[in-house]
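Chain residues, written in single-letter form:
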Amino acid sequence: MTQEIQRVSPFFADPAPAHSLIDDTDGRFRVHARAYTDQAIFDLEQKQVFSRVWVYVGHESEFGKPGDFKTTHIGLQPVIVSRGEDKQIHVMLNRCMHRGAAVCRELHGNTQSFICPYHAWKYSVDGRLLAISGEKDPSGYSAKFDKPEGLRKVPRVDHYRGFYFASLNPDVVPLVDYLGPAARQLIDRKLAQAPEGRITVQGRPFVGVYQGNWKFQSENIIDGYHFMYTHRSFVQLQAKYGDTTGDFGVHKGGSAAEMSKYRNQGNVTGGVHGHGINQKPVVGYDDFFTGAYKDHFSALRDRYGDEELRWVLGMGAGCLFPTFGMIHNQIRIWRPIGPAMTEVTIYPYSLDGAPADFNEGMLRSHERFYGPAGYGAVDDVEVFAINQQGLSASDDAWLIMERGMEAEKRLDSGEVEGLPSSETVHRAFWRQWRRLMDGR
Amino acid sequence: MSDMNRTITRAEAEELLYREARLLDAMQLREWLALYTPEGLYWIPIDDTQPSGRTASLIYDDAARREERVYHLEHLPFPAQNPRSRTVHLVSNVEVLGVDEQGATRVHSSQVIYETRTGDYTQIGLGEISVAVARVEYLLVRAEGGLRIRLKKILLINREMPQGNLTFML
Numbered sequence: 001m002t003q004e005i006q007r008v009s010p011f012f013a014d015p016a017p018a019h020s021l022i023d024d025t026d027g028r029f030r031v032h033a034r035a036y037t038d039q040a041i042f043d044l045e046q047k048q049v050f051s052r053v054w055v056y057v058g059h060e061s062e063f064g065k066p067g068d069f070k071t072t073h074i075g076l077q078p079v080i081v082s083r084g085e086d087k088q089i090h091v092m093l094n095r096c097m098h099r100g101a102a103v104c105r106e107l108h109g110n111t112q113s114f115i116c117p118y119h120a121w122k123y124s125v126d127g128r129l130l131a132i133s134g135e136k137d138p139s140g141y142s143a144k145f146d147k148p149e150g151l152r153k154v155p156r157v158d159h160y161r162g163f164y165f166a167s168l169n170p171d172v173v174p175l176v177d178y179l180g181p182a183a184r185q186l187i188d189r190k191l192a193q194a195p196e197g198r199i200t201v202q203g204r205p206f207v208g209v210y211q212g213n214w215k216f217q218s219e220n221i222i223d224g225y226h227f228m229y230t231h232r233s234f235v236q237l238q239a240k241y242g243d244t245t246g247d248f249g250v251h252k253g254g255s256a257a258e259m260s261k262y263r264n265q266g267n268v269t270g271g272v273h274g275h276g277i278n279q280k281p282v283v284g285y286d287d288f289f290t291g292a293y294k295d296h297f298s299a300l301r302d303r304y305g306d307e308e309l310r311w312v313l314g315m316g317a318g319c320l321f322p323t324f325g326m327i328h329n330q331i332r333i334w335r336p337i338g339p340a341m342t343e344v345t346i347y348p349y350s351l352d353g354a355p356a357d358f359n360e361g362m363l364r365s366h367e368r369f370y371g372p373a374g375y376g377a378v379d380d381v382e383v384f385a386i387n388q389q390g391l392s393a394s395d396d397a398w399l400i401m402e403r404g405m406e407a408e409k410r411l412d413s414g415e416v417e418g419l420p421s422s423e424t425v426h427r428a429f430w431r432q433w434r435r436l437m438d439g440r
Numbered sequence: 441m442s443d444m445n446r447t448i449t450r451a452e453a454e455e456l457l458y459r460e461a462r463l464l465d466a467m468q469l470r471e472w473l474a475l476y477t478p479e480g481l482y483w484i485p486i487d488d489t490q491p492s493g494r495t496a497s498l499i500y501d502d503a504a505r506r507e508e509r510v511y512h513l514e515h516l517p518f519p520a521q522n523p524r525s526r527t528v529h530l531v532s533n534v535e536v537l538g539v540d541e542q543g544a545t546r547v548h549s550s551q552v553i554y555e556t557r558t559g560d561y562t563q564i565g566l567g568e569i570s571v572a573v574a575r576v577e578y579l580l581v582r583a584e585g586g587l588r589i590r591l592k593k594i595l596l597i598n599r600e601m602p603q604g605n606l607t608f609m610l
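Protein sequence lines correspond, in order, to chains A and B. Heads up, the first sequence is in the numbering used here, so the first residue is 1 and it goes up one at a time. Heads up, the second sequence is in the numbering used here, so the first residue is 441 and it goes up one at a time.
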């Protein structure tokens, strides 16, 4: 009967809403549909989640020289990210201090200044207020005027190996601690694929919008369970076409049985701050040293050794809480627009120092699986809309996330390790979500 | 002047483009494949100012990839096309712009493509009509049996902006 009351109206059943939306009693782990559908929950997420954690805002290669900028978001907050004359990365709200107009209307570019289109208040590329039009006019500002210093700065900006994050929370934990061992290892291994240990965001991203909650993407990018089912047609395409249409060796296996076997190797790790990491050692390791790129891979082997290189070439996947993903050679971000509306942006990158035709091959592979006319990611976002549709059948409101609970173990780092197609990473995500939503 | 070297006229180009539109809307995709030359490219760029090696495209299909695209649509059910889309291609503003260095005729057109998913129209994502608006550029050549496409390049007016499900035939 208690269960029945919660199901109908979780807010009345429990004064702490987030608590009542996750049922992890008695070996269960279930999430209430309102966590994905409710406008009040969505609004609370902006305050309790997106305003309190580190959110990815860009990669160093997008800001090669002073004046380079892009616009992006921290939750619902539109921000400008730029490299100033001081060579530093600056993150500020895209909002004039005068009467609130957006000061930047471009997606990316290079500029000396941002000039508000309304009354032409002028800001430097790092956000300092340079000039107020007609400041000393008789109708202007008095000596007592409390003049703003510049655009509102996002209080914390830091990077880990060129990946820039920002936080609206001045008291947020240091970025390096926020990432924790598993997420840092994933990034390190991604960069280890590049001879120069660096990457370059390559060309323009794929951008898509789906009619579903943002947390479906957070869950799915590290969901080892769905691949053989959501992507069944892709598995069949691979069995038929292999590398002849440009997969470029990214999806290992060949037959469906081999692909399934490979995908069930390795492990997943639920990080301390809600991150989920999925890694496995590569199959067909010896083939890397006989093919067209044997010199490239042999140099990596000399540097990292066989054991570590198997994991590097396994190309792990991660969801860094809440909305930053890495998989194959891409950076993915997604941003909440509404409870049932999310934008996903997928940036391919090249490996600095790798052969040019290797990077081009990876780009073609990326295009084939991840594009809106491709054979993979478009089915994922379709499923997110299908999920949202299904949750409108709210008379039964709970989602089951108990896969692999018995098979997981807690590591000394506080992280939890589970099997590849378990929901260990999803549980880590939801536990962190609940902590934040509860104000802890 | 031999027949094969005769200049391609606007009327001939229009006939080919209308036929292509009809084949796409009717999902007669094997016949659509046969419209291309073997080295032909079906291309929907995001940024056509960059070489293909430096940026991803929405579609960058050589012959093998076109064959795969058609096989995928014909034989393998997948969530983004289950249920299916219906489309209508409108082709307009056809102009012959000249002949390139390889002897292919440059043809420009404006196209509007309406698309809707079939199935339970009460559900999210189904039953809505989407519109793709594009300048579509072709390189056409003569071959045995009629004109062939060496390049079809679709420049969507919103190409760098959010795209929905583009798994129907554009």
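Mixed in with the good hints, there may be bad ones.
[Said to hold, decoys possible] Here's a subset of chain A near chain B, in silico, CB distances under 7 Å, partners left out:
#1 352
#2 366
#3 389
#4 390
To be clear, the hints were calculated from the coordinates, so they are not data collected in a lab. Positions of the beta carbon are idealized from the N, C-alpha and C atoms, including for glycine.
Tell me, which hint numbers fail for this structure? 1 and 4
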